[in-house]
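Take these sequences, add in the hints, and give me the full structure.
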Amino acid sequence: MSRPPAKTRAREPFRFVDYEGLVMPTGLRASNLRELAEHIRHVPIAVIHHHLHRTALSHRFGAWDYPNDFAQWAAHSLEDRALAEKLAALDPFAATDLEAARGAIGDLIEEHLDGSPSVPWARPGFEFHFASGHFMSLPSEREVFTLHELRRTLRQVPLSSLYYHFHEARLRAPGDDSDDFSRWIQGQFGPHPIATRLRAIDFYFFSLEDLRARIVSVFDEELGRAPA
Amino acid sequence: MTAPHLDDYAPIVGPERIAILRRLARRLEGLRLVVVNSTRVGGGVAEMLARHVPLLEELGIRTRWEVIEGTPAFFEATKTIHNALQGAPRELTPALEAAYLEANRTNAERLDLDADVVVIHDPQPAALVDYAPRGCPWIWRCHIDASRPHRSVWRFLRRFVSRYDASVFSMPAFAQNLPHPQYLNAPSIDPLAPKNRGMDDDEVDRVLARFGLDRARPLIVQVSRFDRFKDPVGVIRAFRMVRRRDDCRLVLAGGSADDDPEGSQVLREVHDEAGGDPDITILNLPPDADREINALQRAATVIVQKSTREGFGLTVTEGLWKGRPVVGGAVGGIKVQIYDHMTGFLVHSVEGLAYRVRYILNRPGLAQEMGARGRELVRHHFLLTRDLRDWLTLFLQVTDRGKDVATSR
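From first to last, the protein sequence lines are chains A and B.
For the first sequence, the working numbering gives the first residue as 1, with consecutive numbering after it.
For the second sequence, the working numbering gives the first residue as 1, with consecutive numbering after it.
Hints in this document: simulated from the structure, not taken from any laboratory.
Small disclaimer: the values here were computed from a predicted structure and weren't measured.
C-beta: ideal position from N, C-alpha, C; glycine also.
Be a bit skeptical, because a hint or two may be false.
[Stated by the list, open to error] What follows is a set of in silico ranges between Cβ atoms, one per label pair, in the way DEER data are often shown: (1) A:Arg81 x B:Glu376: 18 to 28 Å; (2) A:Asp210 x B:Ala98: 51 to 61 Å; (3) B:Gln265 x A:Val119: 20 to 30 Å; (4) B:Leu285 x A:Val119: 42 to 52 Å.
This is how it looks when you write it as structure tokens:
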């Protein structure tokens, strides 16, 4: 695998995008697991997208326990840890699209209900509130041409931008299990170990702060070994 | 003190957050915004607007802040609406309905509402939408915990709210069945405002001394309007349970906003419950007592907010920002700020409050860890720079200024 110098200039820059938006509550709520399953089958697909993926944009206290809103709710409001584990282990990027992910979650919850002696209820005030989002991807002013510049800028960009280039990148190109950074690196410099290693990050279990640290460490390790 | 500028926030939130505000605002350059609420002083909304308006101006949004005026009957009506939205079984009499509508009608004639976006805060001015000419998007911002509104009053208000182009709530649970898009926007605090800026120990001690207080014993502090939904009487009862085991003092600091006629009655009830106990200090502070509140929150060993209903609970946010653990009622926006064992404790009873206060008083190391986490939570989610970003994003979405931007739902 070729290793272009870290300061080699690309033909086309990598352009960072700001990802800013607002959460939009739907007014739909589930007080128990049966209601959750029913709503999951029928809500607009944007709602599934929001609860399955944008959880990463919310704050965590270091530890990242459950990676999507459904698993969080099962753990903290229903206090059904077994269900929370199953929902957390579900890989939404393995599904061909969001509809397939919706089906998998619905099936998983219904199977869990079939094996439960009673329907678990949330304690009052901790119902599941369905929401979607209205997010905008705005071109930022940041353009980088070299791997060095990319590494430096990755340390500074807002976490929501990182989310856009890593998580949403996969949703924009279903089937291509790849992020925007590795696509750009490969497109500009050909096969490169940084691109390979970025694609291999099991990112769904990281908070965005952890993900940033992991990405930067890949650059540090690879650029440190590359000729200056 | 001169008002802070945007760049003054960069050391607190990072320069990137400020840069994003400027990038969003560039698309909104020259937008004419009118915001309307019911009071210029007292209460969280007025406080927030006082900080937002100059910063929006600095960002190039031409912002005008209008305040609705009314008779005592109007404010009685709006207090009834407020309590009913929070679930109290109150009814609007025909006379109160008439006072509410008449005040909105006369204010619609008096106020200059010509703008590119109009934002109406809370129920008091909500009916302006019926009387004012409509040439731009109107947004209703509800700060109240409307998760279980008393239905007849909500039906009355819904007639007006449903005419808006969008509404904004503090929590998903407050969203309603409405015929327009609804958005979430958590309120925020200003870290550079006199109520939240850094303060050294000497200054804190000087303020305490003025109230006959010191830090010789642990201080339990609740800062809140004297309002039944804040349960100040419950706080006194919990304090008495704590004091059986742990030597400490209680401070209840509050005031009443211009639009809150019940405040003085609740204050009397609080004094009756305290019964002259020298370890209970009740402070009825004026609306501009920011420095005093800042000092009291910093002096607190534990901050409590035993609300039974709460829109968001900015006093919780203020307490967390000062690095203090907070024990609060498991209602409204308090639930998104307090995480059990992480930033404090959510409680459901007077007994629960007493137990968790004792739990923290006896674990100073834990209190410090909780406080540090709470401050980071606020830094990420509840400072006014995030709030401004949300508003700019919303303005882009409701006007045609953002039409060239790629969006996803």
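Hints and how they fare:
Between A:Arg81 and B:Glu376 the beta carbons are some 27 Å apart, a value that agrees with the proposed interval 18 to 28 Å. For the pair A:Asp210 and B:Ala98, the beta carbons lie near 59 Å from each other, so the given range of 51 to 61 Å is met. A hinted range of 20 to 30 Å for the beta carbons of B:Gln265 and A:Val119 is inconsistent with their spacing of about 44 Å. Judged by the Cβ atoms, the range 42 to 52 Å given for B:Leu285 and A:Val119 holds: they are separated by roughly 49 Å.
Of the numbered hints given earlier, the model fails hint 3 alone.
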